Amino acid sequence: MRLAIAGMGWVTPLGTGVDSVWERLLQGEEASATTICERFTDRVYSVFRVPESALKGISHPRLRRASAISRFAAAAGLQALESAGLKRESQNPERIALIFAISNGGVTYTKRFYQEIVGTGAQAASPLLFPETVFNAPASHLAAILGVTGATYTLVGDAAVGLTAITMAEELMANHALDYCLVVGTEEVDWLLCDAYRRWRLLRVAPPIEPFSKQNLGMILSEGAGAIVLAREGFATIERAHPGGYFRKRAETEKILKRILCDLGQMEIDFVISSANGTFVDQAESQTLQEVVPNALAYTGKPALGESVGAAGLWQIILAAQALHSKELPPVLHANQSIPLRLPLSRTPIPNARRAVVLSCGLNQQAAGLRMAIQ
Amino acid sequence: MNNPARVAVTAAGVISPLGFGLAETLEALRSARDCVTPVMRFSVTQCRCKTAGQVSDSRLLASHLQILRPGRLHRASHMMIQALQELMTQQPEFEPELTVVGTTSGGMSYGERYYRSLYGAGGLRHAPTWIANYPAQKPVIDAQTAFGISAPCQVIANACASGTNAIGHAFECVRSGRYRSVLAGGYDALAEMVFVGFDSLQASTPEKCRPFDRHRSGMVLGEGAAVFSLENLDLARARGAPVLAEIIGYGISTDNFHITQPEPSGIGARQAMERALESARIAAADVDYVNAHGTATVFNDATEGKAISALFNGVPVSSTKSMMGHSLGAAGAIEAAVCLLALQHQFLPANINFTAADEDVDLNIVANEARPAAVSMALSNSFGFGGANASLIMRKLEA
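As you go down the protein sequences, you meet chains Z and R in turn.
Read the first sequence against the numbering used here and you will find it ends at 375, with the numbers running on by one and no gaps.
Read the second sequence against the numbering used here and you will find it ends at 1399, with the numbers running on by one and no gaps.
It is possible that some hints are incorrect.
In silico SDA-like links for lysine to any residue, alpha-carbon gap of 25 Å or less [what the hints assert, rightly or not]: (1) Lys1208(R) - Gln123(Z); (2) Lys87(Z) - Arg232(Z); (3) Lys255(Z) - Ser1150(R); (4) Lys214(Z) - Ser346(Z).
Which bits of chain Z does chain R cover? Going by a derived footprint, with three or more residues having C-beta under 8 Å, they are [as the list claims (entries may be wrong)]: (5) 85-92; (6) 133-139.
Calculated from the structure, these hints are not laboratory results.
The structure presented is a predicted model; accordingly, all values stated were derived computationally and were not measured.
Yeah, the Cβ is synthetic: ideal placement off N, Cα and C, and Gly gets one too.
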């Protein structure tokens, strides 16, 4: 069964709203990095954060004490519904499913909660913080805002989890009792995450992210949310969501990506939205693209927007849909001209583009893909 | 859905405070054993609750499997590996096309170690190992790797409903014909942060866990893992696979009352059960046993009790959490294994520590002792934070 994208919402460090963020990407802009620190260490990291102004106007009693990750999700989800022309009160709450894609979850509140336990003792632990540490808190808040009473799922995984959520949406929408599925990917950054990825040698201390570089200089973490409304009709069709799989070690990354891309690339592909982020993922994707779809353009938005992990897959889907819709690709930033791929190094018209692949490779062993088309 | 496929459970594996494997679990259930013990894994001196259902490390970490660097894996990974080992012993050729599991915290205690080392300037030599094994999806990937399974994984984190949601979604994937075989289940290991979290909410009890009792005062936590091979029934029979039970219905609902409390009327729980009955195309009167979510908190048991008594007329009900604690993301999967054993061995598992009926909850509680009974259909409930509600119905299949 083919699903279509009926609406999209986007909250990023480069702004909020699909059209606004897209225009800035086309102009070659990138998010501004800010530094993030922790009180018990001098070490600081650079991150791309969502400006507070991006969330103004988002208010609901459930969001009063909610973490940033929940507010990003709510903002993106409401945008997506609005762009699909859906009014909250006119929808049957049982006929909308909600699927969330998350990686690290409400890490800021989780850290604060555990900080109280470690620093002061269990008796100091706040009962107000604990519920916000649970992975499905953001989904719960959005379900309450929308009044959804049917299926609500939160999926956890790495940067490929957004595409896994699309596969699950296809499975749910096979049930004709559903009209729509709202899929939301969301993530927030914290010093602790930066430190963890740095210890894993995946993080760069400061921008830029240099995609497809053989040196694997590392990524910059970012935050925000992406949301899409899936329906049976819409402006772009998801022809196939590939459930992908996992790689046991990094050396196997290329093998699984090739399998996914070979499965999806049986039709002519005009461009690929890659997940290259300055890490080991890049070389695996580069080899895969060169071998399987050498004539397709390859674009990655991560140098401009950062690595948003749980939100990243949804961001990639939005990028693919926007490129198909607007018939142009933004420039890939900070890419070396000698990279043996067809990269749009400047704003590039693609007037005949009909079909795109989203390839998503996470840092914790998961990979997935999907193929999208526009009439 | 026209001509939906029937869905068989062809193998299962379980590890919980009740025991390692289905046989030990059955023995503990039949003897209505209290497997809740004092917590020694981390300090609970400042907590109200000081007990939990716990899996013994000495047996857990003594796996004979050839696993790469087993010392680095999280306890949740070891639980999943042992549960999957039991399943694979029954079905060595099982090759799922998809894996759907539930969890709430994955390798949380490794995250705690990392934070404590950072905060206290402790040794961070093992930090890369902790970080690599912390992600919620890692235990299922480790278990699949141990047995050469390469299916893509969907890891559901719907709080305490996760395990039932995972099996339910897997069931729907096979029933729709999209997949022929799916591995489903759940896992969670005890973690200090979660333990203190429930304690801070005063949801856990310093006393015995007494689900549905007039004097109930809260839950105790648990841990474990359980997995099931779900297959198209016709295909399973065609290849001569044993069929342990059939999954016939799944219901999911979301109530939007409060992030930690169920809607007081029990509408969310009731909708999940009604949808499961509708999905199974059976009447409430066809159900012979309800394995309740039954956390023993005042709110849960009151609302769940109302919903069960409104739908079912005197069906036997027990919460097996009274014996092993609440294993969160694993609970729905472990309790599905309990239902499987009840169907296979024709008995009603007990709701232990039961002293007096709650006047406000009209239920037929299987109090304190397991008892023989004809059980053809069993319904299992799981309800979680965020208003996540799920119900699953299993049926005994005659040979």
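Inset, instruction - Identify every previously stated hint that the structure contradicts and give their numbers, smallest first. - result: 5
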